[in-house]
Amino acid sequence: TFKAFKEAESYKGPSIIIAYSPCLEHGIKGGLVNMPNVQKNAVACGYTVLYRFDPRLEKPLQIDSRTPDFSKFTEFLLNEARYFNLPKVLGQEEADKLFEKARKDAEKRYNRLLFKKRVQDEETSE
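Numbering-wise (our numbering), the sequence shown opens with residue 20 and increments by one.
The reader is advised that the hints may include incorrect statements.
Only pairs whose alpha carbons sit at most 25 Å apart, straight line, appear in this in silico BS3-like list of lysine-lysine [unchecked claim]:
| id | residue 1 | residue 2 |
| --- | --- | --- |
| 1 | K25 | K78 |
| 2 | K48 | K78 |
| 3 | K22 | K107 |
| 4 | K91 | K78 |
| 5 | K127 | K91 |
| 6 | K31 | K116 |
| 7 | K135 | K59 |
| 8 | K59 | K127 |
| 9 | K123 | K22 |
| 10 | K31 | K127 |
| 11 | K120 | K78 |
| 12 | K48 | K22 |
| 13 | K136 | K59 |
These aren't lab readings, by the way, just hints derived from the structure by calculation.
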């Protein structure tokens with residue numbers, strides 16, 4: 020993460036850093052004091068992927084996080100009140116459908132990122 024900040028700061032031109040940063044309204048179980056663990060779990064389950072893109076490099080796209088364990092995705096969601104309350108509001112069956120759709124969408128985003136990285140790596144190895 021520190022490397023991303025250094026690269027963004029040193030780049031001559033616009034830089035952007037997108038970070039998972041919940042607020043009080045997310046209703047994190049245990050409160051915001053648990054943020055380091057929550058952020059670690061967000062990456063571990065694929066809710067957030069750590070990657071960098073620096074156009075100055077031969078291989079500009081770098082994925083910093085390990086392969087996510089998407090089986091922990093719904094468990095991660097249920098640590099936030101905004102998701103935990105969905106079964107109460109929509110019913111368990113409908114909430115489960117939404118959780119599954121969110122997990123599949125996260126997997127698709129991750130696989131798309133991996134595909135872009137593979138294409139980049141193949142192009143630079145030729």
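Review point. Taking only the CA atoms, is the gap from K135 to K59 under or equal to 25 Å?
Key: Measuring from Cα to Cα gives roughly 24 Å; hence the hint holds.
Practice item. Would you check the hint for K91 and K78, treating anything up to 25 Å between C-alpha atoms as holding? Key: With a Cα-Cα distance of about 31 Å, the restraint between K91 and K78 is violated, given a limit of 25 Å.
Exercise for review: Would you mind confirming whether the straight-line C-alpha gap from K31 to K127 stays at or under 25 Å?
Suggested key: 32 Å, violated
Check your understanding: Under the criterion that the straight-line Cα-Cα distance not exceed 25 Å, is the pair K25, K78 satisfied?
Key -> Holds: K25 and K78 sit about 17 Å apart, inside 25 Å.
Review point. Between K120 and K78, does the CA-CA distance stay at or below 25 Å?
Key: Violated, at roughly 32 Å.
Review point. If you draw a straight line from the CA of K31 to the CA of K116, is it 25 Å or shorter?
Key: 45 Å, violated
Check your understanding: If you draw a straight line from the CA of K123 to the CA of K22, is it 25 Å or shorter?
Key -> 29 Å, violated
**Study point:** Satisfaction of hint between K127 and K59, Cα-Cα up to 25 Å
**Key:** Holds, at about 20 Å.
Review point. Would the pair K48 and K22 pass a check requiring their Cα atoms to be no farther apart than 25 Å?
Key: Violated - the C-alpha atoms of K22 and K48 are around 30 Å apart, more than 25 Å.
Exercise for review: Starting from K127, check that the Cα of K91 is at most 25 Å away, please.
Suggested key: 16 Å, holds
Exercise for review: Take a quick look at whether K22 and K107 sit within 25 Å of each other, Cα to Cα.
Suggested key: 42 Å, violated
Check your understanding: Hey, K48 versus K78, does the alpha-carbon distance stay inside 25 Å?
Key -> The hint is violated at about 39 Å.
In terms of the numbered hints stated before, the structure departs from hints 2, 3, 4, 6, 9, 10, 11, 12, listed from lowest to highest.
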